[in-house]
Amino acid sequence: MAGYREDRYEVNGIDTAVLDAGDGEPLVYFHGAGTAFGFDHLLPLAERFRLIVPNHPGFGASADDPAIDGLHDYVLHYLDLLDQLGVGELVLVGESLGGCIAAWFAIEQPRRIRRLALLSPFGLRVPDHPSTDFFSIPDEQVPEHLVADLSLFAGAPMPPPPEFLAERYREAASFARVAWHSPYDRKLPRWLHRITAPTLLVWGEEDRLHPVGQAAAWADLIPNAEVITFPGVGHLPVIETPEAVPAIASFLAAEVSASA
Amino acid sequence: MSALDDIKLYFFHSHHYIPIPDDQERFRTTVVDYPNSQYDPQVGHALYERHLRTMKRAAELGFDGLAINEHHSMVFSMSPTVGLLAARYVTATDDIPIMVAGTPINLQYPNRVAEEYAMLDVMSGGRMEYAFPLGTGMEYWANEGTVNPVTARARFRESLDIITRAWTEDGPFRYDGEFYTYRYLNVWPKPLQKPRPKCFIVGTGSEETVQLAADHDMGYSIVFVPIKSQLRAFDRLRELAGERGRTVDPDDLVIVVMAYVADTDEEAVREARPHIENFFSWFHRVTPRFLVPPGYVTTAEFLRRVSDAATAKSTEATWDDMINVGRIACGSPDTVAETIVAWCKEAGCGRVNVALENGDMPEWKVAKSTTLFAEQVIPRIRARLNGGGDDTVDRSLVTAGVK
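For the protein sequence lines, the chains are A and B, in the order given. Using our numbering, read the first sequence as starting at 648 and increasing by one per residue. Using our numbering, read the second sequence as starting at 213 and increasing by one per residue.
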């Protein structure tokens, strides 16, 4: 399987790294609040799509942008970037923080989104299934809040090298810019009805950050949504189970039915 | 006469909540998430009374000023609203200056701080001095956690601008900032001292806070960081002030010294050491996460800190580590005086905030050490800095009492 090409774009003055692989219909992937795992696990999606994985400002190989202090700023950033990339209609996938950004993008640009997948998305307040506030988790408990099977971290150097910790600190600060005040985006429920694309909600049944019980609430608010869950999986299905990426690919590749 | 001949020695007090529980090992921190069920208000009341006695004693013994500070949700401090303590001490004393060091102005509405501090200055007849801290990273997690640490420094800069303008310009005037919009900024009362009370920035010596002091024509009060960092910060402030056509007076530079005085060096170490040790191991018990909330420092600064093993293990420091890292003067009146004189000369500072109560020190030790400091150390320091002493202080004496 071929790897990514890393391109750089200046978006409104911010040096933005974009991973690009494959050909075909554009599939844009908004990552979560950390880039430590890299994105090679997504490469099977490039077999059917042109897979585009931009690094958010303040994350991974993109530069910081202190002026981004709300989720809407990310949406506007990506409108600029997609203009540069010449991407019009697209399929969109967002994971965790990126899931919330993708939801807002689809709320504001519903006609551009052919299909949408939200993976353990951040931001919806479901009183019976409260999220765990990421900033309240002690450092040493972060891994067990991310994945159900800690053996995924076997072989990682312990303690982690200072450079690794500093990069996580930088990404946590970028996340804090938009999420320190609350683990919820309280305006989401008011506007999710605007999403018209067929939408797949992907969830690990052992997610400790955003419990799987939230999936039904998202599906209730988005008009054309279905849910797929994976047993024994935590917050990162595409990392934790080999079944997740093919399931997402198959949903996204389906043609819109005549009745949709 | 030297430039330091009118050195000012302030009695600095942190207002600890003193009791250490028998099962203290089970607590990872004594800040932020240390349960407030451990706080007994009856004990707290007795401690506020004790701390009042201590402050009044210091004023009566002839210290040049009193200095108090503010912290939130930690056993280290029972002073989450330092203005209230200041009001108490203004009333309890007659003519001694009081340095309030201070409410983190990025965690509070700046107009409120300007009003409260101006009110104190008027009530006290112009005895107030203010030092403005950014607030430790710890302050952002607990009750003040509604303020985003990512914006801490920008808010601090804007708040400083608002407070100084509110004090020095006639209102009402309009203020349009990044964080605050005032249609009629018009604090009432205004400070008694003109153009404003003497002010300092409190900091660890970072370039940013030193620049703020230079930009606002304020002094710099440096916290308990390694001595070489303190010296570097003061040098930088002199340099920046020089670029702005201003001279930094020794009276603009404050160091903090932990001190304990007894008749001999041996007696001082024997009496003080257990309390200074638990000052670090209990009263400063904190996990790294609480020290640096996201965005509170730059990524580069974070990397520097995590790369510095000594920082990461501060609560496990040995006695020698403690002595070597900072300013702890523990010994006979001669030893303590010589130590402080050496530090002042080295730093070119004309002010020392002397912390004489640290850790779970019993009141008799605080009273003894404070009395000896006032009656025997202060005259020795003045004599030495007024040319009566030997200018060439042997650095080995600095820690002689504690090795």
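Calculated directly from the structure, the hints in this document are not laboratory data. Keep in mind that the hints are not guaranteed to be accurate.
[Unchecked claim] Short, incomplete list of chain A residues facing chain B, as computed with Cβ under 7 Å:
1) 813
2) 816
3) 819
4) 824
5) 827
6) 830
These numbers were taken from a predicted model, which means no experiment stands behind them. All C-beta atoms, glycine included, are put in the ideal place defined by N, C-alpha and C.
Status of the hints after comparison with the structure:
1. Hint on residue 813 of chain A holds. Least Cβ distance to chain B is approximately 4 Å, under the 7 Å limit.
2. With a least beta-carbon distance of about 5 Å to chain B, the hint placing residue 816 of chain A at the interface is held under the 7 Å criterion.
3. Restraint check, residue 819 of chain A versus chain B: the minimum CB separation of about 4 Å is within 7 Å; hint holds.
4. Because the closest C-beta pair between residue 824 of chain A and chain B is about 5 Å apart, less than 7 Å, the hint holds.
5. A cut of 7 Å between beta carbons decides the hint on residue 827 of chain A: the least distance to chain B is about 4 Å, and the hint holds.
6. Annotation: residue 830 of chain A was flagged as interfacial toward chain B, and the flag is violated, the nearest CB pair being 12 Å apart, outside 7 Å.
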